[in-house]
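**Q** Top to bottom, those sequences are chains A and B.
Count the first sequence with our numbering and you get residues 1 to 532, in order.
Count the second sequence with our numbering and you get residues 1001 to 1340, in order.
Hints are supplied without guarantee of correctness; some may be wrong.
What the hints assert, rightly or not - Below, in silico cross-link-like pairs of lysine to any residue (SDA-like), each with a Cα-Cα straight-line distance of 25 Å or less:
id: 1; chain 1: A; residue 1: Lys417; chain 2: B; residue 2: Glu1317
id: 2; chain 1: B; residue 1: Lys1311; chain 2: A; residue 2: Ile64
id: 3; chain 1: A; residue 1: Lys462; chain 2: B; residue 2: Lys1319
id: 4; chain 1: A; residue 1: Lys462; chain 2: B; residue 2: Glu1186
id: 5; chain 1: B; residue 1: Lys1319; chain 2: A; residue 2: Ala499
id: 6; chain 1: B; residue 1: Lys1187; chain 2: B; residue 2: Glu1149
id: 7; chain 1: A; residue 1: Lys305; chain 2: A; residue 2: Val350
id: 8; chain 1: B; residue 1: Lys1225; chain 2: B; residue 2: Glu1186
Since the hints were derived computationally from the structure, they do not count as laboratory data.
On a predicted model such as this, the values are computed, not experimentally measured, just so you know.
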Amino acid sequence: MKAFAALVHTLGTSTGTNEKLDALANYFVTADDRDKVWVIALFSGRRPKRIISSSWLSQWCIDITGLPAWLFEESYHTVGDLAETIALLLPPPVMENQEGHTLAGYLEQLILLEKQTDTIKRQFITSCWRQMQREEIFVFNKLLTGGFRIGVSQKTMVNALAKKINLSASVIAHRISGNWNPATTSFEQLLSEHNTQIDYSKPYPFYLAHQLDKTPEQLGAPEEWQAEWKWDGIRGQIIKRNNELFVWSRGEELMTEKFPEYQVLQALLPDGVVLDGEIIPAAQNMPLPFALLQTRIGRKNVTKKNLEETPIAFFAYDLLEYQYEDCREQPLETRRKHLEQLVQGINHPVLQLSAVIAFNSWPQLTAIREEARQRVAEGLMLKRKSSAYQVGRKVGDWWKWKIDPLTIDAVMIYAQKGHGRRSNLYTDYTFAVKDGDKLVSFTKAYSGLTDKEFAQVDAFVKNNSIEKFGPVRTVKPQLVFEIAFEGIAASNRHKSGVALRFPRISRWRTDKTPDDINTLEDLKKMLELYGK
Amino acid sequence: MLLSFTDKGLYCAAGDFYIDPWRPVNKAVITHAHSDHARWGHKYYLCHHYTKPLLQARLGDNYYESIGWNEPIYINGVKVSLHPAGHIIGSSQIRLEHGGEVWVVSGDYKTEDDGISGAFEVVPCHTFITESTFGLPIYNWKKQAGIYEDIRQWVTHNAEQFNTSVIIGYSLGKAQRILTAVAPLEKPVYVHGAVWNMHQAILSAGIALPQVHRVTPETTKAELKGSIVIAPSSAEGSPWIRRFSPYNVAVCSGWMQVRGNVRRHNADAGFVLSDHADWNGLLGTIQATGAERVYVTHGFQSALSRYLNEKGIWSAEVKTEYGGEEENAESGKAVNTAEE
Ligand SMILES: [Zn+2]
Ligand SMILES: [Zn+2]
Chain A
1 MKAFAALVHT
11 LGTSTGTNEK
21 LDALANYFVT
31 ADDRDKVWVI
41 ALFSGRRPKR
51 IISSSWLSQW
61 CIDITGLPAW
71 LFEESYHTVG
81 DLAETIALLL
91 PPPVMENQEG
101 HTLAGYLEQL
111 ILLEKQTDTI
121 KRQFITSCWR
131 QMQREEIFVF
141 NKLLTGGFRI
151 GVSQKTMVNA
161 LAKKINLSAS
171 VIAHRISGNW
181 NPATTSFEQL
191 LSEHNTQIDY
201 SKPYPFYLAH
211 QLDKTPEQLG
221 APEEWQAEWK
231 WDGIRGQIIK
241 RNNELFVWSR
251 GEELMTEKFP
261 EYQVLQALLP
271 DGVVLDGEII
281 PAAQNMPLPF
291 ALLQTRIGRK
301 NVTKKNLEET
311 PIAFFAYDLL
321 EYQYEDCREQ
331 PLETRRKHLE
341 QLVQGINHPV
351 LQLSAVIAFN
361 SWPQLTAIRE
371 EARQRVAEGL
381 MLKRKSSAYQ
391 VGRKVGDWWK
401 WKIDPLTIDA
411 VMIYAQKGHG
421 RRSNLYTDYT
431 FAVKDGDKLV
441 SFTKAYSGLT
451 DKEFAQVDAF
461 VKNNSIEKFG
471 PVRTVKPQLV
481 FEIAFEGIAA
491 SNRHKSGVAL
501 RFPRISRWRT
511 DKTPDDINTL
521 EDLKKMLELY
531 GK
Chain B
1001 MLLSFTDKGL
1011 YCAAGDFYID
1021 PWRPVNKAVI
1031 THAHSDHARW
1041 GHKYYLCHHY
1051 TKPLLQARLG
1061 DNYYESIGWN
1071 EPIYINGVKV
1081 SLHPAGHIIG
1091 SSQIRLEHGG
1101 EVWVVSGDYK
1111 TEDDGISGAF
1121 EVVPCHTFIT
1131 ESTFGLPIYN
1141 WKKQAGIYED
1151 IRQWVTHNAE
1161 QFNTSVIIGY
1171 SLGKAQRILT
1181 AVAPLEKPVY
1191 VHGAVWNMHQ
1201 AILSAGIALP
1211 QVHRVTPETT
1221 KAELKGSIVI
1231 APSSAEGSPW
1241 IRRFSPYNVA
1251 VCSGWMQVRG
1261 NVRRHNADAG
1271 FVLSDHADWN
1281 GLLGTIQATG
1291 AERVYVTHGF
1301 QSALSRYLNE
1311 KGIWSAEVKT
1321 EYGGEEENAE
1331 SGKAVNTAEE
């Protein structure tokens, strides 16, 4: 467990990806095989079932330390993380454990405890606490509470493994995907180097577009270009080979199980096909806001409710492989023709064509682009009809031409401390617009300020609090910010009657006073224009 | 009430003087040389002998008078004495006695003896005015010796990769402790101008410190390779720091106790090295003074004060204007540009 705690510490403090990669690679060399299997499981989202609630953990910590509950709460608000708060509050170990349980040892114990009573769980957990150093308690608590967010992507872990075992990264990613149980799977079974089967899951590297930094006229004749909507979803590849279906995201993570809707394509698609496109929620062949998808992505298991509330479609825009033939070198025009035939032939709502927009001139296309927001698109994609499907971010043939975000000037009225990285600063703000001489809160917004600005706003909050309500402070309405957002919708959950999509602080308007901010009327006008 | 809480600071009416006032006054008794406690503009300053050269360096020429620890003097009939606070060089608690009543103002204090600042002394009193910078039970410090060892290991590890170790700490107090921590490594130590100025002021007080070099535009890359650099938080993320590339950065501060703060600094390491008392240090001191009444100033004053009341010690919060520069600079909440 000590080695694992040290690994988590290094991963948590190292600032560069390479450092993290080295730390992980090193761990995969030195650690015990059982522990390695569990680390792979944990970092790919396979946690053991949660066996105890946060409130019990808090209560036991309060019992051991004898602190009043309110002081525990106050500490938690300052730290911003329950596992860490408990680790900081518990006294140092009475007697350090001699045998030193391994990571696998602890986790397998926890699995055994699943069906036990709270008293027995309490006995085990508190006796572990008594034997552990602070770093170990922190990691142990993270295992208990399940919130392992330590800034390591599955991809980094896969690359670290690829450095140390004789398998390619994509083979490893494939092997560790799917349903396997870390408690019963050995390292050898999971990642044997002698298992030399062909990797049918392997995706192609994605071709990425650049933001258009000139006028479209500078791209040349409009007839040389294909225009599509720029969808706001997850870029992905759907692969059908060897009668199996694979779904990859642009982060090159295998996400097949996250989108069970696509399983029908396993029967419908011919073998030896790779599609490039966008994973988006959709109803009646029309895309829905991306925010709906976010509720699904974070989960390990997609529930039935998710499937009903957020139906997913794949909007295909390119064909990379056909009949096991890599066709990326063919011109886009040709690939598109084959893609259209393929998709139309299948004719299933889960597989859509990302439509090509007809246009004759750049001014005409510029006007069409204005409709993007109504179509739940972020703007336009421009692709050269003669272009091959390239690798990575090559300039010249693919451009994204995004629309500007909507903005509104608002005044800050509440502030709350951030979590994690900013746990000691007031960084979460609620904003209001004017309604006559009243202020109406309408959104929260987080990011978008520099560390220096955060420090200044934090100081303002501390010196201008009118009222403290739990962790929230009501502040003097004085600071004006420009809030940018991607969309607006009617909402009866909000006092203002509107809900914003991706609200963020775009800048601090130190040149404006609360008298200059926008009104509720302005918001309602925006809702009429863009909110449908 | 021997002291009252005014908008200029803690005021002793009987003696007609202030303690660490934040607006200009005629007569100020100063606990220590940090700029939120020792401000500009008073007509008369009374402080410890060691504090005087630091005030001169920071505030220029003024009318200063200095005394030693445990050497009482009388100001308009009020008996005033200074006692070591263990916070930084010269830092003192201020004891007032008048009409049979004893008050002690802690200023900032640290209960562990750091070997530089003088060992903290418990001063029995009726009323104790305590700071509370780290007044939550999550703040409990490791022993200094262990932290110094951690710092040395980190520096050695960096030097093996020919990286410069840049260590961030407040220029008065923390910087000298860092210097003491790394001195046994016998590597060249370079310092930022702000640290250099404080270093000279301390030497002029007659206190010995290990040798340092000032970073100047002439300092060559070759000299800096694998060396140690001590700089204040204003240097973090500034163009000044880039000259040390390749380098690793560590922040030394009590705030590093919380992981999120280490990440927020974007530092390679955070060492929990504080010049303030931790939770147990605060509680132990308050108990040991035997005080019947405890006023709690800058920090987590509402939490500490509520806790004391629940434990049966009468307590109230006092709003002061301390903690503006030093504690914030330490937490990285504000970049201290005055130090440039
Ligand atoms: Zn101080
Ligand atoms: Zn202070």
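**Q** Indicate, hint by hint, whether the structure satisfies it.
**A** Cross-check of the supplied hints:
Between the alpha carbons of Lys417 of chain A and Glu1317 of chain B the distance comes to roughly 22 Å, so the proposed pair stays at or under 25 Å and holds. For a cut-off of 25 Å, the pair hint linking Lys1311 of chain B to Ile64 of chain A stands: about 18 Å separates their Cα positions. Taking the CA atoms of Lys462 of chain A and Lys1319 of chain B, the gap is about 12 Å. The hint holds against a cut of 25 Å. This hinted pair does not check out: Lys462 of chain A and Glu1186 of chain B have alpha carbons roughly 44 Å apart, beyond 25 Å.
Restraint check for Lys1319 of chain B and Ala499 of chain A: the C-alpha separation of about 40 Å exceeds 25 Å, so the hint is violated. Using a Cα cut-off of 25 Å, the hinted pair Lys1187 of chain B and Glu1149 of chain B holds, with the two alpha carbons roughly 15 Å apart. Using a Cα cut-off of 25 Å, the hinted pair Lys305 of chain A and Val350 of chain A holds, with the two alpha carbons roughly 18 Å apart. A hinted pair counts as satisfied when its Cα atoms are at most 25 Å apart, and Lys1225 of chain B with Glu1186 of chain B qualifies at roughly 14 Å.
Of the numbered hints stated above, those contradicted by the structure are hints 4 and 5, listed in ascending order.
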